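Modelling step: build the complete structure from the supplied sequences, incorporating the hints.
If you read the protein sequences in the order shown, they are chains A and B.
If you're matching positions, the first sequence starts at 1 in the working numbering and goes up one per residue.
If you're matching positions, the second sequence starts at 1 in the working numbering and goes up one per residue.
If you are wondering where the hints come from, they were derived from the structure by calculation, not from laboratory data.
Mixed in with the good hints, there may be bad ones.
Mimicking DSS-like on lysine-lysine, the simulated pairs with C-alpha atoms at most 25 angstroms apart in a straight line are [claimed, not checked]:
(1) A:93 with A:131
(2) A:377 with B:66
(3) A:203 with B:134
(4) B:66 with A:376
Beta-carbon label-pair distances, calculated as ranges [stated by the list, open to error]:
(5) A:295 with B:271: 43 to 49 angstroms
(6) A:287 with B:124: 54 to 60 angstroms
(7) B:270 with A:203: 36 to 42 angstroms
(8) B:207 with A:287: 31 to 37 angstroms
(9) B:87 with A:256: 43 to 49 angstroms
(10) B:87 with A:234: 23 to 29 angstroms
(11) B:23 with A:302: 54 to 60 angstroms
(12) A:291 with B:230: 39 to 45 angstroms
(13) B:207 with A:297: 37 to 43 angstroms
(14) A:241 with B:11: 49 to 55 angstroms
Quick caveat, the model's predicted, so the values are computed rather than measured.
Even glycine gets a Cβ: it sits at the ideal position worked out from N, Cα and C.
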Amino acid sequence: MMFKAMILKELLLVLRDKHALAALFVMPAVFILIMSVAMKNSFSNDNIEFTLHIQDADKSSVSKKILSNIEKNKKIHLINQQKNAQFIMTIPKDYEKNLTSKVIIDVRGSLKSNQINIFKGILLEDILSAKLNKMAQNFKEPAPEAAKVLSSLKVSADNVCQVHYNSSKNIPNSTQQSVPAWIVFGMFFIIIPMSTIYVNERKQNTLARLSSMNVSIFSMAIAKSIPYLIINQLQVIIMLGVGHYIVPLLNAPALEINGSLIALGALSLGLSVAAIGISSLIAVSAHSSEQATTIGGILNILLGAIGGVMVPKFIMPPIMQELTQISPMAWGIDGFLDIFLKSANLGAVIGNVIMLMLFGIVFLILSVLVLQNRIKKGI
Amino acid sequence: MIKISHLTKTYGDKKALDNFSLEIKKGQIFGLLGVNGAGKTTLLSILNGLILQDSGEIKIDHLDLKYHLKEIKEFSSIIPQNLAFYEELSVKENLDFFAKVQNATKEYYSNAIEINALENILNQKAFTLSGGQKRRLNIAIGLLNNPKIIYFDEPTVGIDPKSRNEILESIKTYKDFGVTVVYTSHYMSEIEKICDEVAIIDNGKLIEQTKTESLLTNIESNNVMIEVIYSDKLKKFGFSFVNKTTIKTTEAELCDVLKICKKHNIILKQINYGSTNLEKYFLEKTGTYDV
Chain A
1 MMFKAMILKE LLLVLRDKHA LAALFVMPAV FILIMSVAMK NSFSNDNIEF
51 TLHIQDADKS SVSKKILSNI EKNKKIHLIN QQKNAQFIMT IPKDYEKNLT
101 SKVIIDVRGS LKSNQINIFK GILLEDILSA KLNKMAQNFK EPAPEAAKVL
151 SSLKVSADNV CQVHYNSSKN IPNSTQQSVP AWIVFGMFFI IIPMSTIYVN
201 ERKQNTLARL SSMNVSIFSM AIAKSIPYLI INQLQVIIML GVGHYIVPLL
251 NAPALEINGS LIALGALSLG LSVAAIGISS LIAVSAHSSE QATTIGGILN
301 ILLGAIGGVM VPKFIMPPIM QELTQISPMA WGIDGFLDIF LKSANLGAVI
351 GNVIMLMLFG IVFLILSVLV LQNRIKKGI
Chain B
1 MIKISHLTKT YGDKKALDNF SLEIKKGQIF GLLGVNGAGK TTLLSILNGL
51 ILQDSGEIKI DHLDLKYHLK EIKEFSSIIP QNLAFYEELS VKENLDFFAK
101 VQNATKEYYS NAIEINALEN ILNQKAFTLS GGQKRRLNIA IGLLNNPKII
151 YFDEPTVGID PKSRNEILES IKTYKDFGVT VVYTSHYMSE IEKICDEVAI
201 IDNGKLIEQT KTESLLTNIE SNNVMIEVIY SDKLKKFGFS FVNKTTIKTT
251 EAELCDVLKI CKKHNIILKQ INYGSTNLEK YFLEKTGTYD V
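Here's what the structure looks like:
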């Protein structure tokens with residue numbers, strides 16, 4: 001009952017703080033819209049060409065036909081050396097005997113996810129054409145109608161090729177970059193309502209009063225964290241919605257979530273714990289809400305700048321790319337990009353989730369200790 | 001009800017409480033008087049388990065505070081000087097929140113509303129309330145657990161005389177229910193009006209503990225206070241001072257003091273016969289006006 005009351009109270013206080021709501025929901029949504037549209041040309045895919053190395057383990061008529069189809073394709077350049085290729089395609093042994101098997105594509109270069117999709121589309125055409133040709137030969141009495149029907153079938157690229165991302169660094173499109181970056185940035189802005197409420201409670205002796213009512217500081221800290229956890233999840237859902245439904249209305253690419261939703265949920269929880277931890281520590285350490293919001297704001301901007309919110313990580317020089325790892329925002333953005341671009345599952349982002357959780361828990365414990373000390377000293 | 005023995009609390013080099021002992025009887029309204037920094041807030045904080053003493057023993061309702069803090073907190077309550085509630089929430093939302101935190105019963109909840117006359121403002125946001133209404137809400141929150149002991153830390157600061165009287169009258173009624181009240185205030189008249197017993201604290205030490213009634217009788221003394229315009233010459237004559245501009249003397253010596261003043265052109269502002277109220281008594285005991 002006490003816990004429920006604490007959560008409800010905190011939620012009511014945040015929901016009645018219009019400025020905080022604007023910072024938490026309007027600011028990141030506006031940034032997503034502006035940045036997705038502003039950067040869309042620099043992420044354009046016009047006149048794109050790919051380099052491909054093919055490993056033919058089948059050496060069959062079908063594999064040769066695929067090779068010859070690709071050779072004729074102006075958008076794909078076949079190269080002999082693996083190291084310079086953006087993609088390596090392996091046609092497995094007995095491919096001709098089992099036409100339902102898939103070719104394997106390793107992504108090696110730095111590519112945007114939609115570039116990979118374009119490549120897969122081109123490849124699909126060449127592979128399907130070779131497969132259909134072989135199937136037509138297998139028919140005892142070639143039926144032109146059947147061939148016509150077959151050629152009109154819509155087949156997904158995922159049915160003919162299996163993509164391995166290896167250690168490649170895929171480049172997001174403007175929406176894929178903007179959405180996670182500004183989601184993460186917005187999540188850390190819970191510092192505004194959190195510090196305002198914490199400082200008021202401390203200054204008005206409400207925390208001391210609660211403490212005199214047998215409410216432990218630890219319970220207070222946990223109960224205060226839960227509403228922000230809910231708010232952060234709402235932020236993620238709303239911002240993903242903005243990226244998926246609203247951004248395309250402005251002629252920028254829509255956000256597609258290719259990876260696991262469980263991974264997305266876990267990552268967003270981890271980010272929330274990190275944001276709550278650092279915000280709590282600032283809120284309980286500051287002498288006034290003005291001081292907390294100033295320190296919190298500056299820290300958020302610094303963490304954002306280092307972590308790849310303002311400037312996408314992939315365009316940073318290598319040393320700066322390494323440096324991004326000191327910011328928890330980068331751990332979150334990297335995780336989101338893995339989910340959006342590499343169809344990552346929970347296993348692929350669990351490292352980021354654990355780091356974010358640990359970061360948040362350490363700061364949360366520190367904030368409880370600081371708060372305990374301040375209440376005891378009556379400051 | 002409350003027995004404090006040899007209590008000491010130090011902040012760095014400063015002794016906030018120095019071998020402090022005090023006894024408060026059940027059902028009393030007990031006044032704590034002291035200047036800022038005298039140790040009143042430290043004492044209330046220790047009694048409410050917000051800070052720990054360095055040494056000494058406290059027994060509340062025969063329970064040792066050190067070992068039974070949780071039980072003691074369940075039957076005691078502090079009304080802080082600050083308005084310790086949420087301005088953005090309505091009166092009802094505030095009461096609901098603090099009631100749930102303490103598992104208050106419906107009866108106690110209704111009583112807190114009734115005693116503090118909050119029925120008609122339950123849906124008003126706290127920030128829209130008048131100073132007096134805010135004070136009443138602050139008190140009502142403290143009554144939600146139906147406490148046996150209530151600590152009031154200057155509960156009437158910044159409100160109009162009418163609201164102050166209403167609050168004081170309501171506090172007096174707690175005695176009827178056997179509640180023990182510990183009351184600190186900057187207003188001596190309040191202590192005079194409602195307290196059965198009073199303790200004067202200065203520099204963390206108990207200066208005096210006595211019944212308010214007998215104290216007020218005793219201080220109807222032969223003392224005379226002469227307020228003058230400040231002059232450097234005053235130091236020469238070996239007068240006894242309450243402060244820089246108030247000479248303390250007796251009726252027997254008054255004539256001599258006035259002669260000296262006249263001779264040395266010391267301008268008189270007023271002469272008060274006897275220490276007729278607690279404020280003057282407090283000034284005599286602590287030698288300061290900074291209450």
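(request) Could you grab the alpha-carbon distance between residue 203 (chain A) and residue 134 (chain B) and see if it respects the 25 angstroms cut-off? (result) Holds. Residue 203 (chain A) to residue 134 (chain B) sits at ~16 angstroms (cutoff 25 angstroms).
(request) Mind checking the hinted window 39 to 45 angstroms against the Cβ distance between residue 291 (chain A) and residue 230 (chain B)? (result) With a Cβ separation near 42 angstroms, residue 291 (chain A) and residue 230 (chain B) satisfy 39 to 45 angstroms, so the hint holds.
(request) For residue 23 (chain B) and residue 302 (chain A), compare the CB-CB distance with the range 54 to 60 angstroms and indicate the outcome. (result) holds, 57 angstroms
(request) Could you see if the CB distance from residue 87 (chain B) to residue 256 (chain A) stays within 43 to 49 angstroms? (result) holds, 45 angstroms
(request) Note whether the CB distance of residue 87 (chain B) and residue 234 (chain A) lies within 23 to 29 angstroms or breaks it. (result) holds, 25 angstroms
(message) Can you tell me whether the CB distance of residue 241 (chain A) to residue 11 (chain B) sits inside 49 to 55 angstroms?
(response) For residue 11 (chain B) against residue 241 (chain A), whose Cβ atoms are near 53 angstroms apart, the range 49 to 55 angstroms holds.
(message) Next pair to validate is residue 377 (chain A) with residue 66 (chain B); report whether the Cα-Cα distance is within 25 angstroms.
(response) Distance of about 18 angstroms is within 25 angstroms: holds.
(message) Holds or violated: the 31 to 37 angstroms window for the beta-carbon distance between residue 207 (chain B) and residue 287 (chain A)?
(response) holds, 34 angstroms
(message) Between the beta carbons of residue 295 (chain A) and residue 271 (chain B), is the distance compatible with 43 to 49 angstroms?
(response) violated, 58 angstroms
(request) Note whether the CB distance of residue 270 (chain B) and residue 203 (chain A) lies within 36 to 42 angstroms or breaks it. (result) holds, 41 angstroms
(message) Need the status of pair residue 66 (chain B), residue 376 (chain A): alpha-carbon distance at most 25 angstroms?
(response) Roughly 15 angstroms between the alpha carbons, so the hint for residue 66 (chain B) and residue 376 (chain A) holds.
(message) Checking one constraint from the list: CA of residue 93 (chain A) to CA of residue 131 (chain A), max 25 angstroms. Satisfied?
(response) Holds: residue 93 (chain A) and residue 131 (chain A) sit about 15 angstroms apart, inside 25 angstroms.
Consistency note: the structure conflicts with the earlier hints numbered 5, 6 and 13.
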